[in-house]
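Each chain, written out:
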Amino acid sequence: MTGLNILLIEDDVELAGFIEKAAAELGWRVDHQARPKEALLQAGAGAFDALILDRMLPEMDGLSVLKLLRGAGVETPVIMLTAMGGIDDRVDGLEAGADDYLVKPFAMSELIARLKSIARRQAPRPDTPHREMGDLSLDRLRHEAMRAGQPLDLSPLEFKLLDILMEHPGEVVTRTMLLEKVWGYSFDPKTSLVQTHMSRLRAKVDKPFGQDLIRTVRGAGYMLSDE
Amino acid sequence: MSRPILSSAVFQWVLAASAGFVAIALALLWAWGLFSIGEIDGALREEINTGLEEGRALYLTDGPDALLEWVRWEEDQPIWRDDDLFEILAEDEMIAVLRAPDFEPVAGFPGLLAGSEIEEVDLDHPEIFNPVLARSIELFDGATLTFGRFIPDQQFEIWRFVVTASIALAVIVLPLSLATGYFLSRRVFRRLDGISETTEAVAAGNLDARAQIGGAGDEFDRLAEGVNRMLDRVAALTGNIEAVSTGVAHDLKTPLANIRGRLELIRRDAADPDAVARHVDGAEGRLDGLMKVFDALLRLGEIEAGKRRQAFRAVDLGGLAGELAEGYGPAFEDAEKTLDVAILPGITVEGDRDLLAQLIANLLDNALEHSRDGARAHIALHGGETGPRLEIGDDGPGIAPAMRERIFERFFRADPSRSTPGNGLGLALVKAIADLHGADIQLVDDRPGAVFVVTFGPFASRT
Chain S
1 MTGLNILLIE
11 DDVELAGFIE
21 KAAAELGWRV
31 DHQARPKEAL
41 LQAGAGAFDA
51 LILDRMLPEM
61 DGLSVLKLLR
71 GAGVETPVIM
81 LTAMGGIDDR
91 VDGLEAGADD
101 YLVKPFAMSE
111 LIARLKSIAR
121 RQAPRPDTPH
131 REMGDLSLDR
141 LRHEAMRAGQ
151 PLDLSPLEFK
161 LLDILMEHPG
171 EVVTRTMLLE
181 KVWGYSFDPK
191 TSLVQTHMSR
201 LRAKVDKPFG
211 QDLIRTVRGA
221 GYMLSDE
Chain E
1 MSRPILSSAV
11 FQWVLAASAG
21 FVAIALALLW
31 AWGLFSIGEI
41 DGALREEINT
51 GLEEGRALYL
61 TDGPDALLEW
71 VRWEEDQPIW
81 RDDDLFEILA
91 EDEMIAVLRA
101 PDFEPVAGFP
111 GLLAGSEIEE
121 VDLDHPEIFN
131 PVLARSIELF
141 DGATLTFGRF
151 IPDQQFEIWR
161 FVVTASIALA
171 VIVLPLSLAT
181 GYFLSRRVFR
191 RLDGISETTE
201 AVAAGNLDAR
211 AQIGGAGDEF
221 DRLAEGVNRM
231 LDRVAALTGN
241 IEAVSTGVAH
251 DLKTPLANIR
261 GRLELIRRDA
271 ADPDAVARHV
281 DGAEGRLDGL
291 MKVFDALLRL
301 GEIEAGKRRQ
311 AFRAVDLGGL
321 AGELAEGYGP
331 AFEDAEKTLD
341 VAILPGITVE
351 GDRDLLAQLI
361 ANLLDNALEH
371 SRDGARAHIA
381 LHGGETGPRL
391 EIGDDGPGIA
401 PAMRERIFER
411 FFRADPSRST
421 PGNGLGLALV
431 KAIADLHGAD
441 IQLVDDRPGA
451 VFVVTFGPFA
461 SRT
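Heads up: the sequence lines are chains S and E, in that order. The first sequence maps to residues 1 to 227 in the numbering used here. The second sequence maps to residues 1 to 463 in the numbering used here.
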């Protein structure tokens, strides 16, 4: 993936600095704006791959900025950052047109993974009935997984996890992203459901075949890769 | 009594009621007086008019002499003397006078003078001053006939009675109602003072103060009971806040101290990347734990505010429980425990799907975390007698009886050393979510192990 071009709208200069630094390490270009009005102009004019928008800004709140942008026909993917983690806050953000929503404090790896995920949505990938990665293949219609010509006996949850990993080959999918996509709850159960099911999935997908496709990315999440 | 009685509502109500009562009594009295006087007056007038008409008829049919004869006092004496009037007054009879066209009286009492309409006149008499109601009519040749009647004393007595009674009402009833109002207000004040002293004591910080119940079961007792109930609830909530403060102090400061320590270790071990990575991982783990406590507290607040109820819709509880049981099954297996699932499909409740999921997940977390090694846990859902009944539990070791009461309290931990994982908010959240859904949650104690039973109300289910 080539470097992303990102507009960061955030009034906390220190946090913005952290984000800029993390993005620079990946070779991404970040334009930082602390004031919502200038940011609106820039977002409307520039061609960005993604917008990072803080929910609480001076002068105008992030939700209004987002509504104005969407009202003006700016379709750039937006990830909202917020200190508000209420049950409805997330829904409000998504309804206003955000593509994703991240509650502060967050791990930088979480933000990076989510940015990659939403930025890629610009080029919509056909919702294929079939996914492939190396010798692993997934028949999404018949709910069948094969590796090296052998059928894998996966539970529905394991199948779902594998499907999400295969949708993002070579990209980190975080634990929270998996939790949101597979279970869809707005809370994080004490028992680590993702880890439990992921280890079972690996036991079935990787263990018998010698070559590990599912990798744990330290402090971030999981990644499917055949390199 | 420090409070001014005059501004008391009871006092003012008694006064207003008395004033209303006096006004009605006066109105009735005066209406009766005026009516009675009108009756007497009307009878007199009719008598006068009838007499005059009779006189005119007599004059027309039998001539002036007949009339003269009718009016005169005695055969030889047409003009009445002053003394004759005493007899008339005593007998309450008609006074009459017939005057010639030159106005000279020809028969009757000359001292009677009246106009052509009935009016009250005074007689020209040296001793009798009683007022007279009288009227004159003109006969056809210019002579006039005048009739009059003494106004009876009865009328004056009625007037006197009405006026005296009015004054008496004002003089007696007003002070009486002032006194009644005063004493009534004092009594009410005395009953209310007990209650207001209680609330003031509570406001001053004595949360244990309670209003005395008189025992009569009257409205004051009901008010006192209501105040006491409210104070019980306030005390419970305050207890909650205290528990939260203690919990926050302990459960937040401990990880913060740990993180601080790890930061120092990072500084010390800066040369050793592996050690730094270990410290960072440890600090991150503690931070995540802290965030969970914050999230749980915020969520508790949100749930208890009751706003979520607006988003209630039909939730397939069976489907949700099955989904979570499927998710948790492997976790129980990994811990070498068993999760038995007995879920009747098709059970729906009115509620918030996300919160109900959290209720089930937290109870499953609890069964997984706090059961004995190799425990057999279970999740069961069926229709129940009054409403859907969800049961989640394990077979040991259970919760000590002394702790049972407190397990739903915030930051309460059955393990006083707080060494087992958990933040003491999981079951508080479960309870808050059950309350929001009008569901009853009980820790069943007739079986080994900790078994929680959530019973949804009959109105929670929807077919």
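Treat the hints as calculated values from the structure; they're not laboratory data. Quantities reported herein were computed from a predicted structural model and do not represent experimental measurements. For every residue, glycine included, the Cβ atom is placed at its ideal position computed from N, Cα and C. Certain hints may be false.
[Said to hold, decoys possible] Some chain S residues near chain E, calculated using beta-carbon distances under 7 Å:
1) Ser109
2) Lys181
3) Tyr185
4) Lys190
5) Thr191
6) Ala203
Item to check | Structure versus earlier hints, numbers of those that do not hold, lowest first | outcome: 1, 2 and 6
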